[in-house]
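S.K.: Once you've looked at the hints, dock chains H and B against the given chain F.
Listed here are the chains, written in short residue letters.
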Amino acid sequence: MLEWLSMGGNARFVWPSYGITVLLLWLNIRWARKAALAARTEARRRLAMQRSEP
Amino acid sequence: MAWTWFHRCGSPPHFYRIAGKLVPWFGTLAALLCIGGLIGGLVLAPSDYLQGEGYRIIYVHVPAATLSMMAYAVMALAAATGLIWRMNVAYAVAASCAPIGASFTIIALVTGSLWGRPMWGTYWVWDPRLVTELLLLFLYLGYMGLRSAIEESGRADRASAILAIVGVVNLPIIHYSVDWWNSLHQGHTLLKLGAPSMPPSMYVPLIAMIFGFMLYFAAVLLVRARGEVLRRERTARWLLEVIGEG
Amino acid sequence: MSGPLSAGRAALQLIRRDLHLALRRPGEWLQPLGFFVIVTALFPLALDADLSRLRDMAPGVIWVGALLSSLLALELLFREDGQDGSLEQLAVSGLSLAWLLLAKTCVHWLLTGLPLVLVAPMLATALGAPAAALPGVLAALLLGSIALSLIGAIGAALTLGLRRGGTLLALIVLPLAVPVLVFGAQATARAIALEPLAGPLYLLGALAVLAATLAPLAAAGAVRISLE
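Chains as they are written, first to last, in this note's numbering: chain F, 47 to 100; chain H, -2 to 243; chain B, 2 to 229.
It cannot be assumed that every hint is accurate.
Quick list of simulated restraints, FRET-style, between CB atoms [what the hints assert, rightly or not]:
#1 H:Phe3 / F:Ala57: 46 to 54 Å
#2 B:Ser53 / F:Arg76: 53 to 61 Å
#3 H:Ala70 / B:Gln32: 38 to 46 Å
#4 B:Gly167 / H:Val40: 50 to 58 Å
#5 B:Ser53 / F:Leu48: 51 to 59 Å
#6 H:Arg229 / B:Gly167: 53 to 61 Å
#7 H:Arg83 / B:Gly95: 19 to 27 Å
#8 B:Asp85 / H:Pro169: 53 to 61 Å
Some chain B residues close to chain H (C-beta under 8 Å, calculated; not the full set) [to be verified]:
#9 Leu69
#10 Leu73
#11 Leu77
#12 Ile155
#13 Leu163
#14 Gly167
#15 Pro180
#16 Phe184
#17 Gly222
#18 Glu229
Just so you know, these hints were derived from the structure itself, not from any lab. Here a beta-carbon is modelled for each residue, glycine too, at the ideal position from N, C-alpha and C.
Isolated chain F, as found in the complex (with noise of 0.2 Å):
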């Protein structure tokens, strides 16, 4: 186990390289979220605007 978790002597490349990128997936994903949550809620209020007009 121990072994492979120092890949080899080259876990210092191979960890982070894999960190990094589960940080940028799962970056992207909470940022999709959030565009789209901001997006539902501005669609809302201007519906709610439309609506409230004469």
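M.R.: Okay, now just chains H and B, sitting in the frame of chain F:
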């Protein structure tokens, strides 16, 4: 028949609904493929006789690089579709591609640099693939910068569409020129970020990861695109149903 | 439907008009040239190199300087006409906007690109290039500067009227200009080393031709979008 499908995709309410249904499928498949690919690549695949264990970065670097290019192609295609057919859904898709594609490019650059370090001793090498990825990142940043600099949404959509198309035409030229430049300086030494010649136990996880990333891209793209479609929609009618969907 | 003859005549009129207007304010149009000379002079000062090392650096220095100068010069391409509405008149004139923009870019190149081309041999000599290298330097910069003006016109059209347009323009144009830089610098390097430079020169020429064909179309589309 294909044409009706095309026009249906272009209708915002249809797109919104269908995209919403597809996201969980794409997401789950992506997760399965990536987990499988990671197990295959990190655990099951043998070590390379030349590069030892360090080559395993390939399982994130190559999918990220592939998707960074693919995302740009999708972006340009969507942008062109938006220009030609004046389709807001297409513009929404194009706008959504950029941040995801840029992220893939950053992943490719960082992992590529970390992969090169044990092989060549420095964190950055003027390897043609890395240089092209760097320029691709600038293309993405230019696209996003142009979008954010233009306040009027319609003009932003159309202007950035032209930029995306110009970019996609230029990309092969840039790639060729960088390759040509690189061949002048490297001579005969094989200094490419060489994928080792691979037995199936090595390249099957790689294929899995590439497809996993593709489905991930599709899922996240659709999530963003739904929001973008809402932002471009002015008429209230179908929005009423959407608001209920919370 | 306007025939090719009236489009050609319109283009010539546009060229004459633009030249006329520009020559009223020559100072403005000389600034890119001044910038080119200054930037090229900065490199030896910064690097404190002897003539043989300068000679090695010369292609890169000249080309980066030319690239940055042409970026600065782009500001002049559409600024006046964009502001006073002449650009809009061109767009609705019914004539081929791409053709008219090609004409405008020609004038722009004559005023901002050609001076760089003519000054480059002098700068190359100052950086240690042999006299026999100068025709090659001239040819490479001639083709390259034409391509840069055309590519830049697309960026200028896209960023028409935007605040902070300058940095964005650089971000947009520079990646697109990389092939020109690569082939141009290599052609110049071979010229200075007195090696045959037909290869990169042909590639540079191909880029210039491609740019001349496609860039006006993209720029025309971008101008229409920017004016809406």
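S.K.: Need the list of violated hint numbers for this structure, in ascending order.
M.R.: Numbers 6, 8, 9, 10, 11, 14, in rising order.
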